[in-house]
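K.L.:
Each chain is listed here by its residues.
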Amino acid sequence: MAVALEAKNLTKKYGDVIAVDNVSLSVERGSLFGLLGPNGSGKTTMIKMLTGQTRPTSGSASVLGVDVIKDPVGVRGQVGIIPEQETPPSFLTAMEYLEFVAAVRKIPDIETKEDWWFDFLDFADKKNVLCKDLSRGTRQKLMFTQAFIHEPALALIDEPLINFDPIMQDLVKDYLAGYVKKGRTIFISTHILEVAEEICSGFAILHKGTLLHTGPVAELTARGEHLPSFFLSLVRKDRHV
Amino acid sequence: MFELFTNMVKEEWRVHSTMFGSLSFALFPVMIFGIALMGSFLIPLMRTTLPAGNLTLIIHANYLMLGIMVGGFGLLGNEVMNRRFGQASLLAFSARSLPISEKFIFLNFVIKDTVYYFFLWVLPFGFGYILASPFTGVPLEGALLLLLTLTLSFLFGLCGVFFLSAIYARSRPVLWLVLLALGVGIGGLAAMTGTNPVLFFPPLLLNSAFTWVNFLISCAVLALLFGIAIVLFNPESVGSEKTYRDSFAPLMQRFSFLPNPPLAAKDTLDLYRSGSLIGQTIFSFLLPLAVIWFFLSLLGPFFPPHGLLFIVAVTTGVIASTMYTWVTMFDTFGPYACLPVAVSTLIESKLTTFAVLQAIPAIFIAVVALFSGEAAYLVPAIVLGISVSFYAVGVMAWLCGLSPNVLVYDVKVLFVYLILVGIVLTIFTSVAFANPYFALSAVILAIPTWLLVRKAKVRWDAVDPGGF
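Protein chains in written order, with my numbering: chain V, 12 to 252; chain F, 7 to 474.
Take the hints with a grain of salt, since some may be wrong.
Said to hold, decoys possible - Ranges between beta-carbon positions, derived for each pair:
hint, chain 1, residue 1, chain 2, residue 2, range
1, V, Asp136, F, Val190, 21 to 27 Å
2, F, Lys248, V, Glu205, 34 to 40 Å
3, V, Ser146, F, Leu186, 31 to 37 Å
4, V, Gly226, F, Asp470, 29 to 35 Å
5, F, Ala452, V, Lys24, 38 to 44 Å
6, V, Lys24, F, Leu185, 55 to 61 Å
7, F, Leu424, V, Asp176, 52 to 58 Å
8, V, Ser35, F, Asp470, 18 to 24 Å
9, V, Ile118, F, Asp470, 53 to 59 Å
No lab work stands behind these hints: they were computed from the structure.
Predicted, not measured: the structure shown is a model, and the values here were computed from it.
The C-beta atom is built at its ideal place from N, Cα and C for all residues, glycine as well.
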């Protein structure tokens, strides 16, 4: 199967601190892949490197066949990204922000797409509100929309369900599952293991910047294991090491 | 109480030192002291064109304005911090998570602001003036009195903002009523006495004739304003959701001739909706330039003929170059990080918006030329001012990328900036002094400007785009 994303020996150092240490992984097209790890394990740094937001100290990576080091803007042009804790620009309204995204990404027929997303995520009543005045949940809806409005072949999402209420979480999980069925790829980073087990087809566990495990979720299920318990035992063992 | 107070002081220090660098910020009161000390020696010269009362008025107005600005920042602190540093909060907003009442935190906040800014702004100025007093013939009591009345001016600004914002948070109609009552009261007083109402400003009254009764009245008014502000204080925002009709698409259409219409439209909406375009134009551009023009006009006899206009043009150019900081102050890289936008594209777009804003300094220089009877040199003065502005912004973009608000306070960056800009200013001011029409030669600065911008784009594309 074709590869959507491939990282080879990726390392990122901030001074003396090694945030990501020699990580190699590959994600197939049409899969929903979960990057799991406790707080500070390097998940966000990994996503930042894969989307060209930060340069690796060493190693290489390609996303949809584009080299993230040589052409970071090209990568961001092809994928959809929801960064961790990022908010849309303060002084644009929700609708204007989507128009801004559409203009930068050169997305045609934006009005129809905007309307669909406002209805789907149930925030049409907020479309003329300044982004700085939106609640966290609505900002997350807006960031989710900007990541998917151009229907990218690959979306990279840092904590996809954070700030969503249970009803919205359910809706979004269904949307993500349907999205990969169309042959597109989703790469999520999360520490909510139950969600990962429910929606991911493949996963990798990162701890203290090191890759502890990577493989399909089905492999665990076949062994009668659950992702949360597998994750905890692996991380706890690594802590003792 | 004391622990909260000291932590708030530490927090205020860290906000400033993070923005400007510890050393640069630590030297700030020293700079204020130096300006006051040296400025005191200019008083005899200023008195030849400006009555002493007016000078006192200007200084007190400045400290009143400072109090207003400090109070305003305190109340908007969270918003400013979040724009600059990403997710951040201040201790003043911690009542939700700590077993301390909001009013108690606010009381500490007010005391912290008073003490902190007294040592940062008021005391260094007063101390400089006091130290110069034996040489300028000002009696020591007069210098000490100025320190007292400047402190009071600052406090009137600070507690005035707290008072009005506390009312605003409770009820907007009541705020308008209070403002109306103030206007009617001041207007009535002026009509009854036939005196400029500004002269009834308590610190000014005290400065012109100190009496203990007036001093106690000033203190009582301040205590009343602080008291009402603390009683009415409500840390929650009014909570209104601002809505706007879609202005982005039409604006982008209008900017279709620019290199990056969507980015230019976004910058324009940022400036307009934040109120910064008017606020910054008045407080960061027109007000300082008016003061500089006033001071430079005192030195008019020392310049060659027509020299004052070109000095004003060059100074306007340097101050106009800081408009680049206006357009970079709203963003973090975050919203762009998920889009196919390179740092060099953002630099280009911010510089485009900057270029549009250069209409403001051009108009200012034209007004100065017309008012000073130098209309014949209007074009060379505008060319000089705007060329200097573009050159200085080229240097700024090369040295600071998208973070001029932060990096320009880095001592090394500031040093290189001063050298590169200083040399050009000296050369072109001298050229303009030699012959006003030679100032047109400043267009040659377009070449180094273009090279600097090109280097800036390459340099900052190669660096991880952090927050700016």
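K.L.:
Hint by hint, where does the structure go against what was stated? Just the numbers, ascending.
P.N.:
1, 9
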